[in-house]
Amino acid sequence: MRESASPLAAARPEMGERQPVDWESESLLCRWLATVLGTELDDASLERYRNGEAAPFFDYLRDAHGMTHEVARLDEALSRLVMLRAPRLELAADFTELFLVDARSGAPPYASLYAGGEGGFHGEAAERMEARLSEAGYAVRREVAEPADHLAVMLDYLATRLQMLAEAEGPAREEMRQDVGAFLKHELCSWLPLLVSRSAAVKTVSDFYPALLALADAYCHRLSHSPP
Amino acid sequence: MTISRRSFLKGAMAGSAASLIGPGLLTSTAAAGVTEQGVWKTAGSHWGAMNALVKGGKVAEVKPFGADQYPTEMLKGIKGLIYSPSRIRYPMVRLEWLKNRHNGDRTTRGDNRFVRLTWDAALDLFHEELERIQTEYGPWALYAGATGWRQTGQVHSCGNHMQRAVAMHGHFVKKVGDYSTGAGQVVLPYVLGSTEVYSQGTSWPLILENSKTVVLWGNDPYKNLQVGWNCETHESYAYLEQLKAKVEEGSIRVISVDPVRTKTQNYLGCEQLYINPMTDVAFMLGMAHTLYNEALHNQEFIDAYALGFDDFIAYVQGDADDGVAKTPEWAEEICGVPAERIREFARLLAADRTQLLFGWAIQRQQHGEQPYWMGAVLATMLGQIGLPGGGISYGHHYSSIGVPSSGASAPGAFPRNVDAGKTPEHDNTDFQGAASTIPVARWIDCLLNPGETIQYNGAEVTFPDIHMCVFSGCNPWHHHQDRNRMKKAFQKLETVVTIDYSWNATCRFSDLVLPACTQFERNDIDIYGSYSNRGVLAMHKLVDPLFHSRSDFDIFTDLCRRFGRDEEYRQGLDEMGWVKKLYDECREANKSFSPAPGGDQSTSSMPEFAQFWKEGYVDFGPGENWVRHADFRQAPEVNALGTPSGFIEVSSRKIARYGYDDCRGYPTWMEKAERSHGGPNSDRYPLWLQSVHPDKRLHSQLCESEELRATYAVQGREPIYMSPQDASERGIQDGDLVRVYNDRGQLLAGAVVSDDFPPGVVRIQEGAWYGPVGPEIGALDTYGDPNTLTLDLGTSKLAQAPSANTCIVEMERFEGEVPEVTAFGGPTMVEI
Numbered sequence: 001m002r003e004s005a006s007p008l009a010a011a012r013p014e015m016g017e018r019q020p021v022d023w024e025s026e027s028l029l030c031r032w033l034a035t036v037l038g039t040e041l042d043d044a045s046l047e048r049y050r051n052g053e054a055a056p057f058f059d060y061l062r063d064a065h066g067m068t069h070e071v072a073r074l075d076e077a078l079s080r081l082v083m084l085r086a087p088r089l090e091l092a093a094d095f096t097e098l099f100l101v102d103a104r105s106g107a108p109p110y111a112s113l114y115a116g117g118e119g120g121f122h123g124e125a126a127e128r129m130e131a132r133l134s135e136a137g138y139a140v141r142r143e144v145a146e147p148a149d150h151l152a153v154m155l156d157y158l159a160t161r162l163q164m165l166a167e168a169e170g171p172a173r174e175e176m177r178q179d180v181g182a183f184l185k186h187e188l189c190s191w192l193p194l195l196v197s198r199s200a201a202v203k204t205v206s207d208f209y210p211a212l213l214a215l216a217d218a219y220c221h222r223l224s225h226s227p228p
Numbered sequence: 001m002t003i004s005r006r007s008f009l010k011g012a013m014a015g016s017a018a019s020l021i022g023p024g025l026l027t028s029t030a031a032a033g034v035t036e037q038g039v040w041k042t043a044g045s046h047w048g049a050m051n052a053l054v055k056g057g058k059v060a061e062v063k064p065f066g067a068d069q070y071p072t073e074m075l076k077g078i079k080g081l082i083y084s085p086s087r088i089r090y091p092m093v094r095l096e097w098l099k100n101r102h103n104g105d106r107t108t109r110g111d112n113r114f115v116r117l118t119w120d121a122a123l124d125l126f127h128e129e130l131e132r133i134q135t136e137y138g139p140w141a142l143y144a145g146a147t148g149w150r151q152t153g154q155v156h157s158c159g160n161h162m163q164r165a166v167a168m169h170g171h172f173v174k175k176v177g178d179y180s181t182g183a184g185q186v187v188l189p190y191v192l193g194s195t196e197v198y199s200q201g202t203s204w205p206l207i208l209e210n211s212k213t214v215v216l217w218g219n220d221p222y223k224n225l226q227v228g229w230n231c232e233t234h235e236s237y238a239y240l241e242q243l244k245a246k247v248e249e250g251s252i253r254v255i256s257v258d259p260v261r262t263k264t265q266n267y268l269g270c271e272q273l274y275i276n277p278m279t280d281v282a283f284m285l286g287m288a289h290t291l292y293n294e295a296l297h298n299q300e301f302i303d304a305y306a307l308g309f310d311d312f313i314a315y316v317q318g319d320a321d322d323g324v325a326k327t328p329e330w331a332e333e334i335c336g337v338p339a340e341r342i343r344e345f346a347r348l349l350a351a352d353r354t355q356l357l358f359g360w361a362i363q364r365q366q367h368g369e370q371p372y373w374m375g376a377v378l379a380t381m382l383g384q385i386g387l388p389g390g391g392i393s394y395g396h397h398y399s400s401i402g403v404p405s406s407g408a409s410a411p412g413a414f415p416r417n418v419d420a421g422k423t424p425e426h427d428n429t430d431f432q433g434a435a436s437t438i439p440v441a442r443w444i445d446c447l448l449n450p451g452e453t454i455q456y457n458g459a460e461v462t463f464p465d466i467h468m469c470v471f472s473g474c475n476p477w478h479h480h481q482d483r484n485r486m487k488k489a490f491q492k493l494e495t496v497v498t499i500d501y502s503w504n505a506t507c508r509f510s511d512l513v514l515p516a517c518t519q520f521e522r523n524d525i526d527i528y529g530s531y532s533n534r535g536v537l538a539m540h541k542l543v544d545p546l547f548h549s550r551s552d553f554d555i556f557t558d559l560c561r562r563f564g565r566d567e568e569y570r571q572g573l574d575e576m577g578w579v580k581k582l583y584d585e586c587r588e589a590n591k592s593f594s595p596a597p598g599g600d601q602s603t604s605s606m607p608e609f610a611q612f613w614k615e616g617y618v619d620f621g622p623g624e625n626w627v628r629h630a631d632f633r634q635a636p637e638v639n640a641l642g643t644p645s646g647f648i649e650v651s652s653r654k655i656a657r658y659g660y661d662d663c664r665g666y667p668t669w670m671e672k673a674e675r676s677h678g679g680p681n682s683d684r685y686p687l688w689l690q691s692v693h694p695d696k697r698l699h700s701q702l703c704e705s706e707e708l709r710a711t712y713a714v715q716g717r718e719p720i721y722m723s724p725q726d727a728s729e730r731g732i733q734d735g736d737l738v739r740v741y742n743d744r745g746q747l748l749a750g751a752v753v754s755d756d757f758p759p760g761v762v763r764i765q766e767g768a769w770y771g772p773v774g775p776e777i778g779a780l781d782t783y784g785d786p787n788t789l790t791l792d793l794g795t796s797k798l799a800q801a802p803s804a805n806t807c808i809v810e811m812e813r814f815e816g817e818v819p820e821v822t823a824f825g826g827p828t829m830v831e832i
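Taken in order, these protein sequences are the chains called A and B.
Read in order, the letters of the first sequence correspond to residues 1 to 228 in the UniProt record's numbering.
Read in order, the letters of the second sequence correspond to residues 1 to 832 in the UniProt record's numbering.
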């Protein structure tokens, strides 16, 4: 990734400077993560990544959350894609290997499968997510055809809550913030480390998705500890 | 200058990064709390009918159907089947095949990388391959003949859908026979005039009333009646309960002829007559010798109803070409039963009314035709065929055979064939001299030896050169023998397409994998009681198809759309249209039906479809008692059997004319290619491995249900049952991991030491999923599929059926690093 590709490259915060949380930006970041973890990259998207067009996200993660190591790892994985003859297909096969076929030895992105280590699909975590979605007036789009505890769905839901948090005022804002914090702590941070651990054991051609999972885990952890 | 987080958002959205954010995955609905109390629905399965509580779009609870008084505990595996981590969630294609199609590397098939496809892309590929095979080769290059134990339901029966759709596109190689009764269903029409294995048998009440002795010959009905071809009613268990009471009071003597103390024996508390594995024919010949020489046989019956006895008895007496009299002493040396015990047993059966109940295991071995034929000869000598509680049955352990049939008409099914008057897109019927139909168990021979000609049932079969296979709801990587031979054969295939709902080994060895939904995710209708035909059951869709899975109906309709014949395929009806059509046709056919006396007369008129669908079930009432072959006994000239002569053929001139060295004109004893207890190769591999039908699965179905599997697996592996002596001699403790091996392969299993097993006999139930540690030939199977070790050999030139129970092995306590079980996941990447 070329630093110069970032429109924000020249606008770094000073070291140690404490920033107020911009929930709207966090929402946007969650939507990006939901997208890239929800489905395989197509040719056009892959080209954009290889052209450095994801730099705003990377820069933000480095600058606002101090995730230098995680971003560097993902950046490195992207750089190494040039060594593959059919990078899109190989990434798609990695995606499959990790997320789509083997729900026991792979790294399936469903919270229910990490309940007690041996849960099945549509477990209690999925039921809790469905209840959350229902109470908030949402449902998973029919064509997505994934349970509510799919990581991408959960991140997308988180994005909507962060956007609402950004727009909330007064006591509702604090209530919303606490709800988001609880969601992060109990519904995401509770199993993401296990997912990352599983992904590390899966043999992949590229480090792109393992690096992305590690980044998502670190991000959720940091966001759950963000200042009000 | 410091970054403003507000400026980050603006910057990102203004730049091209925004295009890296896709559409949201959520949609707005009316806000609502989870207040749904759930709804109870009716569903059916091979394991019986059930009521399921569906709550929040999920199956929350499964209860046995009210009419089922003896539900199987396998129902506990239903939720685990639906929500199994092994589910196929998306259409998938093997990466190497996608890149290079049929020119790609096939050596890694079964252990390679896949990628996800959209349904459109997947069905396009499927169609393109069918086109390529038909145009580049011809119908001889496509095998879509294999069908298996599908999921239940008359509309969605997956074999019908696959074969109709593929047949509308072009002709293909089909199969004959099956893996359960391959030898029996070929030989018995020569002897008794029908397959017998799939025929209604004498009603249980008549057996209970009239039999003095019941012989269970290699037969474990208490285990096997848990499942049925259609929705199982479990009515047979009421009769087994009565039989148990009669054994206790001493009014019926039940003897289990078996090397193993079976589940049925333990339930009934009955006697066992131990016999060495695979030696039943020798034992029965010794009995025939006793019956004949002590004049205990029924010569009058033989004279009136049978042909060819003289040729057979000459063989028994030692007057045939082998010159060996089949005395009990001769038999004892082979079967391990003392000669005097053989005589006593023969006398016992001749003394009073005796019902012989044969299981299927003894014909799933080399020369499997012989014990079935010999059983029929014994029954003929006893002279009780056609009497209530006498004669022989080959099916009382299967699908409610023996439960009186209601007499009503059952619902039909979605058609398997192309509609009358229609022709396929590719109407080429030139198989270039090769057979268009092959014996099912010889298909791996066919892949390995195209062009070779074999003998089969009086004809010659030349193997076609198959390049592509299609499987749907059929798991040959469970039911065929010798996995390592299969690995070699699959490397010859250009394309394999599999439609299924879980990542079993057949999927892993395929190129294109399409996810079907389970039977609990679509609407259907089923027969309640395969042979009793007790009623009609509604199979309500419990939940929507999980992930991206689809019903077989939808999958193959969309395949046919690619060649413009989807409307013809579904005959203009949708799923519920078909459910209603089958019900309405059944209702029309039953207009004149009256329940048997004692049945609910109000059921004489089936309700309108809407009422049936709401109530979930129509009961036809119990049937009337019936005696197999009673009509033949009463008037053999009028009600002739389906044999060439119309009589029981103790010797078959027709089979004799075939001139087969492994199936002569009358039943004979022949040594096996390998046999324990002093037989060939028993010095190297002294243990007989029997691979019986499982106790807690239907073949391989439900093995993926983790909750159920946890109730029987040992250290996560399939159990291997063994005697205390065999365990002790090898330093094996109950619960140990064991490596089981022979020249064909090796597997890991978990030791269960049991007094039910004699020395020299071990059991691994078939249906255990295959999961090798790697793609190489001979790789250790990590879960315990017995067909890693079994012999892939035709029973004889007559039936060419599976010989799975001709298998000897050795075992040892497993030492070293224990590999993870790979049987229940998808394919994994290997170094190329």
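Calculated directly from the structure, the hints in this document are not laboratory data.
All values derive from a computational prediction rather than experimental measurement.
Misleading hints may appear alongside valid ones.
To be verified - Straight-line distance between alpha carbons at most 25 Å, and here's what the computed DMTMM-like set of lysine to aspartate or glutamate pairs gives:
no.: 1; chain 1: A; residue 1: Lys203; chain 2: B; residue 2: Asp755
no.: 2; chain 1: B; residue 1: Lys263; chain 2: B; residue 2: Asp755
no.: 3; chain 1: B; residue 1: Lys99; chain 2: A; residue 2: Glu40
How the hints compare with the structure:
Pair hint Lys203 of chain A plus Asp755 of chain B does not hold up; C-alpha atoms about 45 Å apart against a cutoff of 25 Å. Restraint check for Lys263 of chain B and Asp755 of chain B: satisfied, since their Cα atoms lie roughly 12 Å apart, inside the 25 Å limit. Taking the CA atoms of Lys99 of chain B and Glu40 of chain A, the gap is about 17 Å. The hint holds against a cut of 25 Å.
Hint 1 from the earlier list is the only one contradicted by this structure; the remaining hints agree with it.
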